[in-house]
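Student: Sequence:
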Amino acid sequence: MIESPIGKLKGATFKYIESELYGYGDTLREIAFLRKNLIYCSPHDDENTGGGRRNIPDRPTERIATKLTVHKKLRRLEELADTIEHVYVLLEPEKQRLVKLKYWTKPQCKTWDGIAEELHITKRTALRWRDGIVYAIAERLGER
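Following the numbering used here, the numbering of the sequence shown begins with 1 at its first residue and continues without gaps.
Please note that a few of the clues may not be correct.
In the DSS-like style, the derived pairs of lysine-lysine whose C-alpha atoms are separated by at most 30 Å in a straight line are [to be verified]:
#, residue 1, residue 2
1, K123, K36
2, K100, K8
3, K100, K123
4, K100, K73
5, K15, K100
Source of the hints: derived by calculation from the structure; they are not laboratory data.
Please take these sequences and the hints and turn them into a complete structure.
Tutor: In structure tokens form, the structure reads like this:
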């Protein structure tokens, strides 16, 4: 387990959050894809053949809004993306640059040594910054 200011974080959780940082762009694309699918590709089928009242709203706008709010995968992806964005916005510019260089630059050609050199810091400082960023995301997500 890895120590943090908020307590211990499991190694698997740390790797999971780091993988989500790497895949942040893919997460945003998947959110957009799911939203479009739910809005445009969902036909309205009346399956209530036995009579009685339905629990699904009749109006299209309400039906779409309900689908968007109850879709579990979409909610989880949006929570993850919002958390990463929130933590990123609160970072100092040097740490934002570290996130861009390490996680959002494709193809990733630099090691931690190369990133630290470009930021004019030591490798150990870069790794401490990374740990702080991952822990901030974990805390906001409620991970342990």
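Student: Hint by hint, where does the structure go against what was stated? Just the numbers, ascending.
Tutor: 1
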